[in-house]
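Asks: For reference, the chains in residue letters:
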Amino acid sequence: MRVAVVGVGMTRVGRLVGKSIRDLAAEAGLKAVEEVGWEPPEAIVVGNMLSSLSEQENLGALLADYLGYRGVPAFKVEAACGSGGAAIAVGYSLVRAGLRRVLVIGVEKLTEAPTPVTTRRLAWASDADYELVHGPSFAGLNALLMRHYMSKYGVSREEMGSWAVLMHENGYRNPYAHIRKRVDLQTVINSPVIADPIRLFDACPISDGAAAVYLAAEGEARRLSDTPVWVEAVANATDAVDILSRKYLDRLEAAIRSAREAYKLAGIKPKDVDVAEVHDAYSITGVLGVEAMGFAEIGRAAKLVHEGRFAPGDKPTINPSGGLKSRGHPVGATGVYQVAEVVMQLRGDFPGVRVDAEVGAAQNVGGVGSNVTTTILRR
Amino acid sequence: MRVAVVGVGMTRVGRLVGKSIRDLAAEAGLKAVEEVGWEPPEAIVVGNMLSSLSEQENLGALLADYLGYRGVPAFKVEAACGSGGAAIAVGYSLVRAGLRRVLVIGVEKLTEAPTPVTTRRLAWASDADYELVHGPSFAGLNALLMRHYMSKYGVSREEMGSWAVLMHENGYRNPYAHIRKRVDLQTVINSPVIADPIRLFDACPISDGAAAVYLAAEGEARRLSDTPVWVEAVANATDAVDILSRKYLDRLEAAIRSAREAYKLAGIKPKDVDVAEVHDAYSITGVLGVEAMGFAEIGRAAKLVHEGRFAPGDKPTINPSGGLKSRGHPVGATGVYQVAEVVMQLRGDFPGVRVDAEVGAAQNVGGVGSNVTTTILRR
Amino acid sequence: MTSVQRLWRRSREYLSLKAFRCRRCGEVIYPPKRACPYCGSRDLVEITLPRKGRIITYTVINVPIEGFSKPTIIAVAELGGAKVMAQVVEGAEHLVEDAEVEVVLGKVGRTVEGLEYYMPAFRVVSGKDLKEGDTD
Amino acid sequence: MTSVQRLWRRSREYLSLKAFRCRRCGEVIYPPKRACPYCGSRDLVEITLPRKGRIITYTVINVPIEGFSKPTIIAVAELGGAKVMAQVVEGAEHLVEDAEVEVVLGKVGRTVEGLEYYMPAFRVVSGKDLKEGDTD
Ligand SMILES: [Zn+2]
Ligand SMILES: [Zn+2]
Numbered sequence: 009m010r011v012a013v014v015g016v017g018m019t020r021v022g023r024l025v026g027k028s029i030r031d032l033a034a035e036a037g038l039k040a041v042e043e044v045g046w047e048p049p050e051a052i053v054v055g056n057m058l059s060s061l062s063e064q065e066n067l068g069a070l071l072a073d074y075l076g077y078r079g080v081p082a083f084k085v086e087a088a089c090g091s092g093g094a095a096i097a098v099g100y101s102l103v104r105a106g107l108r109r110v111l112v113i114g115v116e117k118l119t120e121a122p123t124p125v126t127t128r129r130l131a132w133a134s135d136a137d138y139e140l141v142h143g144p145s146f147a148g149l150n151a152l153l154m155r156h157y158m159s160k161y162g163v164s165r166e167e168m169g170s171w172a173v174l175m176h177e178n179g180y181r182n183p184y185a186h187i188r189k190r191v192d193l194q195t196v197i198n199s200p201v202i203a204d205p206i207r208l209f210d211a212c213p214i215s216d217g218a219a220a221v222y223l224a225a226e227g228e229a230r231r232l233s234d235t236p237v238w239v240e241a242v243a244n245a246t247d248a249v250d251i252l253s254r255k256y257l258d259r260l261e262a263a264i265r266s267a268r269e270a271y272k273l274a275g276i277k278p279k280d281v282d283v284a285e286v287h288d289a290y291s292i293t294g295v296l297g298v299e300a301m302g303f304a305e306i307g308r309a310a311k312l313v314h315e316g317r318f319a320p321g322d323k324p325t326i327n328p329s330g331g332l333k334s335r336g337h338p339v340g341a342t343g344v345y346q347v348a349e350v351v352m353q354l355r356g357d358f359p360g361v362r363v364d365a366e367v368g369a370a371q372n373v374g375g376v377g378s379n380v381t382t383t384i385l386r387r
Numbered sequence: 009m010r011v012a013v014v015g016v017g018m019t020r021v022g023r024l025v026g027k028s029i030r031d032l033a034a035e036a037g038l039k040a041v042e043e044v045g046w047e048p049p050e051a052i053v054v055g056n057m058l059s060s061l062s063e064q065e066n067l068g069a070l071l072a073d074y075l076g077y078r079g080v081p082a083f084k085v086e087a088a089c090g091s092g093g094a095a096i097a098v099g100y101s102l103v104r105a106g107l108r109r110v111l112v113i114g115v116e117k118l119t120e121a122p123t124p125v126t127t128r129r130l131a132w133a134s135d136a137d138y139e140l141v142h143g144p145s146f147a148g149l150n151a152l153l154m155r156h157y158m159s160k161y162g163v164s165r166e167e168m169g170s171w172a173v174l175m176h177e178n179g180y181r182n183p184y185a186h187i188r189k190r191v192d193l194q195t196v197i198n199s200p201v202i203a204d205p206i207r208l209f210d211a212c213p214i215s216d217g218a219a220a221v222y223l224a225a226e227g228e229a230r231r232l233s234d235t236p237v238w239v240e241a242v243a244n245a246t247d248a249v250d251i252l253s254r255k256y257l258d259r260l261e262a263a264i265r266s267a268r269e270a271y272k273l274a275g276i277k278p279k280d281v282d283v284a285e286v287h288d289a290y291s292i293t294g295v296l297g298v299e300a301m302g303f304a305e306i307g308r309a310a311k312l313v314h315e316g317r318f319a320p321g322d323k324p325t326i327n328p329s330g331g332l333k334s335r336g337h338p339v340g341a342t343g344v345y346q347v348a349e350v351v352m353q354l355r356g357d358f359p360g361v362r363v364d365a366e367v368g369a370a371q372n373v374g375g376v377g378s379n380v381t382t383t384i385l386r387r
Numbered sequence: 298m299t300s301v302q303r304l305w306r307r308s309r310e311y312l313s314l315k316a317f318r319c320r321r322c323g324e325v326i327y328p329p330k331r332a333c334p335y336c337g338s339r340d341l342v343e344i345t346l347p348r349k350g351r352i353i354t355y356t357v358i359n360v361p362i363e364g365f366s367k368p369t370i371i372a373v374a375e376l377g378g379a380k381v382m383a384q385v386v387e388g389a390e391h392l393v394e395d396a397e398v399e400v401v402l403g404k405v406g407r408t409v410e411g412l413e414y415y416m417p418a419f420r421v422v423s424g425k426d427l428k429e430g431d432t433d
Numbered sequence: 298m299t300s301v302q303r304l305w306r307r308s309r310e311y312l313s314l315k316a317f318r319c320r321r322c323g324e325v326i327y328p329p330k331r332a333c334p335y336c337g338s339r340d341l342v343e344i345t346l347p348r349k350g351r352i353i354t355y356t357v358i359n360v361p362i363e364g365f366s367k368p369t370i371i372a373v374a375e376l377g378g379a380k381v382m383a384q385v386v387e388g389a390e391h392l393v394e395d396a397e398v399e400v401v402l403g404k405v406g407r408t409v410e411g412l413e414y415y416m417p418a419f420r421v422v423s424g425k426d427l428k429e430g431d432t433d
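Protein chains in written order, with this note's numbering: chain A, 9 to 387; chain B, 9 to 387; chain C, 298 to 433; chain D, 298 to 433.
None of these hints come from the bench; they were simulated from the model.
Predicted model, so just to flag it, every value in this text is computed and none were measured.
Take these hints with a grain of salt, some might be off.
[Stated by the list, open to error] Dumping the calculated SDA-like pairs for lysine to any residue here, alpha-carbon to alpha-carbon at most 25 Å:
| # | chain 1 | residue 1 | chain 2 | residue 2 |
| --- | --- | --- | --- | --- |
| 1 | D | LYS425 | A | VAL201 |
| 2 | D | LYS367 | A | THR126 |
| 3 | B | LYS277 | A | THR126 |
| 4 | C | LYS367 | B | ASN198 |
| 5 | A | LYS39 | C | TYR335 |
| 6 | A | LYS255 | D | ASP340 |
| 7 | C | LYS404 | B | VAL125 |
| 8 | A | LYS160 | D | LEU427 |
| 9 | A | LYS272 | A | GLY106 |
| 10 | A | LYS27 | C | VAL409 |
| 11 | C | LYS425 | B | LYS277 |
| 12 | B | LYS39 | D | ASP340 |
| 13 | B | LYS160 | C | GLY377 |
Just chain A, same shape as in the assembly (with noise of 0.2 Å):
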């Protein structure tokens, strides 16, 4: 059974403080029926982390019922900043299931607290009883495997800090981006330490934002759209939520792994992959999920990005959107957006920078790696 995605939607992501977490899913849900020429799905499943930054839990039958939709099966499916991509997931399952149309919409409202509450509740990302109750950030968890990683490998700040140029240098291009603005190195380098090593613009921004794909099965998806975009593999896998326990913090084992499974479901290697979008929360995260796609060696990505790979014109491009660097990291919607641009870039009408490409990748990560989600998408 083949499953295409016929449909996108997706809001700007920003600071978006006049909208509800309801408005922008809607939004983004809305544009991704009006594609399929407003068919109603059978069943919608909700990515998202903290709603309850809103008081609003139910987000399943809440989206249903305000989309329209009142009485579909509905549900939230949650795996911190991975939940958009273990929905997408779901989604593909109920369609192999037998589904024929499944609304997948990712939506995440965070600026509804001030920040220091926004990021202990980021932080239930991470292991409450063994991380949390010591006091990390998030930020503070990733430097932790930023320092060691730089150390190990002897990677620059300078190497670290062209992932940030990158990611804005594409960004500013992409008309949903929360942060339009290109940066140099100096900027990111100079910029003020949020956790050591992490400096600010290693740092994604605090966004709110939502992002949905329309699901269908191959008989459906051939009457709903001209341009189906395949799924050719969901893959996800897990790992330890306390960075403690793993073997090793120079690499993301559950991004790996999760690659791994999908290059074989999908019958490809990573160097059949024209576009990926990866998941960098943080330079680090940006990095070590290079190396998990195989797109380069462990040590290496920092590096090769520092050289000039992976920029527009270069296979695989990586992402064209900005990045959560730059697109922003609406964290349960991130994985959607993900999906949704590599499907406009496969279609051929993404806003921003645009990749040529037959076969792309999606790479959603929660915690520190602790669930990751990889998509293969085929023209």
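Chains B, C and D with the ligands: place on chain A using the hints.
Replies: For chains B, C and D with the ligands alone, kept in the frame of chain A given last:
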């Protein structure tokens, strides 16, 4: 593709101060895996609503690793008080989509915070913008339905009170139940008013607990178990989260829709059900639940209970577990408890009130009837 | 807890009792949705609900949630074809099913910042032991 | 925020630095799990980690989360084959990779009730500009 339940596990329900959310989930989950000779699952689905009270999201990865299955796909499914049922719907779809073995764990740790905090968070199952903002507790929302129902159908306080009497009579014999004591009708109808007309004994307690069901594809099921219980149908349906935009306040449309769909998929009628676990968060919820399942006409269920129907020996026997009223209501775990309990009835090894049953049903309700999953099981 | 941001975002629609009417089936839609839940149409027109109506059901909550006080009295009233939820802040002693109510502004709860906030609320104007016109 | 209940529940294991050793593969398992993440065995024996070890990595957090103060200094140290996370509460000026640390009890944050609480924390005893034995 037939799917079976081949293992179940549960913790005692209660105010389990010494046990954290991961302890509870492990106790139930590993019991279910032990029942299949420690055969590892290929994926883990966690049903949970308020792990926010434990400051722990990312439960999928956390539990996969904690239980000993690091790496397997895992995520959390949330649908308010219907999270457990929704998790079973997702687990069932994963098997129908091709996985052979999926562990579903429902877990909730509600006693981690003071009661006014917990009750506010439970009200996150309502509409934050149009209901919660005015201050109704979850009991208050159900009280609105209860008053309307009693008034419209001329149901007496004594008739509504009979629900709790029957539940405690059953739950008294259930070693897993939260409140194991018999009560008489006078005690129920004279108990303190929580949210008029809901009194203490109309309401479920605030509980901790976890339950698990191990799902397997047909071939695998026969290999792993001598007593597989077949999942004939799992049907999820939604309604408006707010009660305001519903046509009727005297019925739960999502429960009706979910039950109808489940009966259709299973090819049975309400009269074929030998045993059912229905979702009696409050007396009124139980009564509306029984009517939605087609076991009584609208307006009749409380009267029938008062006349002695649905007790052990009747067909269907309802809530031999004691229901949410007596067994307790660890919110995101409840839907999994119900399925596990029905499975034990069909296998003949439930350690409380036992029903000689061929066909069983479980009805899990989220919000005030906004997200409902009905599961039909057969020996 | 309710944030000031949330109240601010919806203040206009709260205060004006904003709802929709479906142009296809004519039903009143409240709370607002993006499509008619009754016929599926997306052709909706914004309306303002009347400020008088009748109680459908109510509850007196003795175990209030965080941010609210005891008792919290909540009613659902029918206002021009819509069911609207609000606190009863005046005339609660006359509260009964089918009582007539009008919408006033009432201090209902506290925000996460600890500030008291106002919302549309109900005043009972005709009900138990009250004839219409007894008050004011 | 961290509840007193949560701290109380794990107080013994926090204070004793409880871990497991796998009887099959010999690996140290920390934080505690129900099975060995490395070989899958459920045959585990409880052990107590040593209170001295070496820093693997650390961070100085300038944007602390709710309940903690600026800067929050967090380190991961290797203690007897386990990687343990804790705050650095003494000798932070000597903090460097591979610095020697010992576990002390430190005031680290505030609970939801606003109470300060203590946890195992690190004191740097040998590191930047410090030779082993310089302190105490
Ligand atoms: Zn209409
Ligand atoms: Zn081992």
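Asks: Compare the structure with each hint and give your call.
Replies: Checked hints:
Restraint check for LYS425/D and VAL201/A: satisfied, since their Cα atoms lie roughly 21 Å apart, inside the 25 Å limit. Of the supplied pair hints, the one linking LYS367/D and THR126/A holds, its CA atoms being roughly 16 Å apart against a limit of 25 Å. This hinted pair does not check out: LYS277/B and THR126/A have alpha carbons roughly 49 Å apart, beyond 25 Å. For the hint linking LYS367/C to ASN198/B, the alpha-carbon distance of about 20 Å falls within 25 Å, and the restraint holds.
Simply put, LYS39/A and TYR335/C have alpha-carbon atoms about 21 Å apart, close enough for the 25 Å limit, and the pair holds. The straight-line distance between the Cα atoms of LYS255/A and ASP340/D is roughly 20 Å, inside the 25 Å bound, and the hint therefore holds. Note on LYS404/C and VAL125/B: the hinted pairing holds, with a Cα-Cα distance of about 21 Å set against a maximum of 25 Å. For the hint linking LYS160/A to LEU427/D, the alpha-carbon distance of about 23 Å falls within 25 Å, and the restraint holds.
Simply put, LYS272/A and GLY106/A have alpha-carbon atoms about 23 Å apart, close enough for the 25 Å limit, and the pair holds. For the hint linking LYS27/A to VAL409/C, the alpha-carbon distance of about 19 Å falls within 25 Å, and the restraint holds. A threshold of 25 Å between alpha carbons decides the hint, and for LYS425/C with LYS277/B the separation of about 46 Å lies outside it, so the pair is violated. Among the hinted pairs, LYS39/B with ASP340/D is consistent with the structure: their alpha-carbon atoms are about 16 Å apart, no more than 25 Å.
Between LYS160/B and GLY377/C, the direct Cα distance comes to roughly 21 Å. Compliance with the 25 Å bound is thereby established for this hinted pair.
Figure legend: structure checked against the earlier numbered hints; hints not met, in rising order: 3, 11.
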